[in-house]
Amino acid sequence: MSTKPFPNLDRDEKETGSDQDGRGLSHLGALPYRDTKPVGAADFYFAINATFRFLLRRFGWEGLRRYWTDLGTQYYAPVSAAWQQRGLPGIAAYWRAFFAAEPGAEVQVQESDQAVVVTVSVCPAFKQLRAHHREIVPCFCQQCYFLNESIAAPAGFTVRVAGGNGSCRQTFLPRDAGTPPQDLSEIREATC
Amino acid sequence: MLGVYDFCGHYEWTFEWLRRTGGERLVRQYWDEAISQDSQRHAAELIVPQGIPGMIEYWGHTLEHEAAGYYCTTTDAVYRIDMHQCPSKGFLIRNSLQQYHDYCDHCMGWIGPLLRRAGFVVDHQHNHAGRCWWEIRRADDPTEPSEPGGLAGEHDVRLLPDWIQPAPLDTYRRANDPDDKATILPESR
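Chains as they are written, first to last, in the numbering used here: chain A, 1 to 192; chain B, 1 to 189.
The hints are all genuine.
The following residues of chain A were derived to be distant from chain B, with all beta-carbon distances above 12 Å:
#1 Trp61
#2 Arg86
#3 Val117
#4 Ala153
#5 Thr158
#6 Leu173
#7 Pro174
#8 Asp176
#9 Gly178
#10 Pro180
#11 Pro181
#12 Gln182
#13 Ser185
#14 Arg188
#15 Cys192
Between beta-carbon pairs, the in silico distance windows are:
#16 Ala153(A) with Arg94(B): 27 to 33 Å
#17 Gly29(A) with Pro161(B): 31 to 37 Å
#18 Pro180(A) with Val48(B): 49 to 55 Å
#19 Ala131(A) with Arg173(B): 37 to 43 Å
#20 Gln50(B) with Ser121(A): 36 to 42 Å
These are computed hints drawn from the structure, not numbers from a lab.
Where is the CB? At the ideal position from N, CA and C, for every residue including glycine.
All chains should be built: construct the whole structure from the sequences, respecting the hints.
Below is the structure:
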C-alpha cells in the first residue's frame, strides 16, 4: 500500500464541479480516499458495529484491538503520512473533512499551537445505531483511541479520548508533550 | 473513528485481514454471520417473510441510498438487478484500493445465505469492473436465466459494449454460496 500522503489529492483538487446533490466536494480535500457523493450511507454503521462484534466473539478483546491497530497502520497509512507532513493543521483539516462526510455528525474541531481538540456532540454512529435499535458493542468507543493512536503515533502525535457513548472529546498532541498515558476507564462503555 | 464515507475501502481491507488471520473460511463466516445475519438483518426482515416484494423494498432503499446506477426488473417470479455502476466497486477502482482478491464475491457472500433462508436461488454474473446482473427466483422454480435483453430489455448490462472485460467473468447458476461459481476466462468467451 502506498504511504504517499493522499495519493488522489492532485486529481481531486481539479474537481471543481458539484456532486449529485449539488453540494461541492471541495470540503473533502483532506481525505485520502474520495467518493463521488458528499456523505457516506449511514446504514454502513450497522456493518462496522457487526464487524466489531464478530471479531470480539472470534478473537476476544486482544484480537479486536489488533484489528484496529492494523487498520490504522496499514489502511490509514496515507493519513499518518499527511499528519507527519502537515502537523497539527493537517490533523485539524482531516477531522473537519472526516466529520463533514459522516451523516448526522455534530462536531467542533479546535486547533492551537499545542493540540487539536475534536469535540463530538453527536456521534453519527451512535445516532444511526440507536435510531434503528441496534445492540451496540460495549467497547465500541475504544476504537477511537486504538485506531486514532495507531494513525497518530507514526506521525509523531498521540491522542487522548474522554467520554463516549454518543459524545466525547478527542485531543491530539505531539508525542513529546509529556502527556500521561490514556486511561481507558475515561472511555465510557456503549449502551443501547 | 471508522467512518462510512470510505466504508467500502476499510470493508475490503477487512476481507484480506480476515483471510490472512483465518483463511477463506473465516471470510465466508464473516460475510454470513456479521453481514448477512447481523448488519443486514433489516434485509432479512423484509425478504424472508415477503419474498420478491421485500426485495423491491430493500434494494429500492439501499441502492438509492448508496447512489448506485442500476435498473430493476420485477415479475411475480423473478427479481432482476442490472448494476451499471456499482457504488462500492466504483469507489475501490477510483481510489486504486485492492487488498482482497475478489471484492465482488462479498455480495454473494451475504446475499446468498440470506436468500437460501428465504427459499430463493440466484443466477448472477459480475465483470470485476463495477457491472453485474442478478436474477433471483424461488428455489423450486427451474427457469433458466434470461438471455441478454430478454428480461431487462435495453437496460441489460450484458448488452453494454464494455460488459466483456479483460478480467474473468464470474458466473453463478442457481447459487447461494460465494464459492459456487464458474470463472469464464476471456479466451473462452
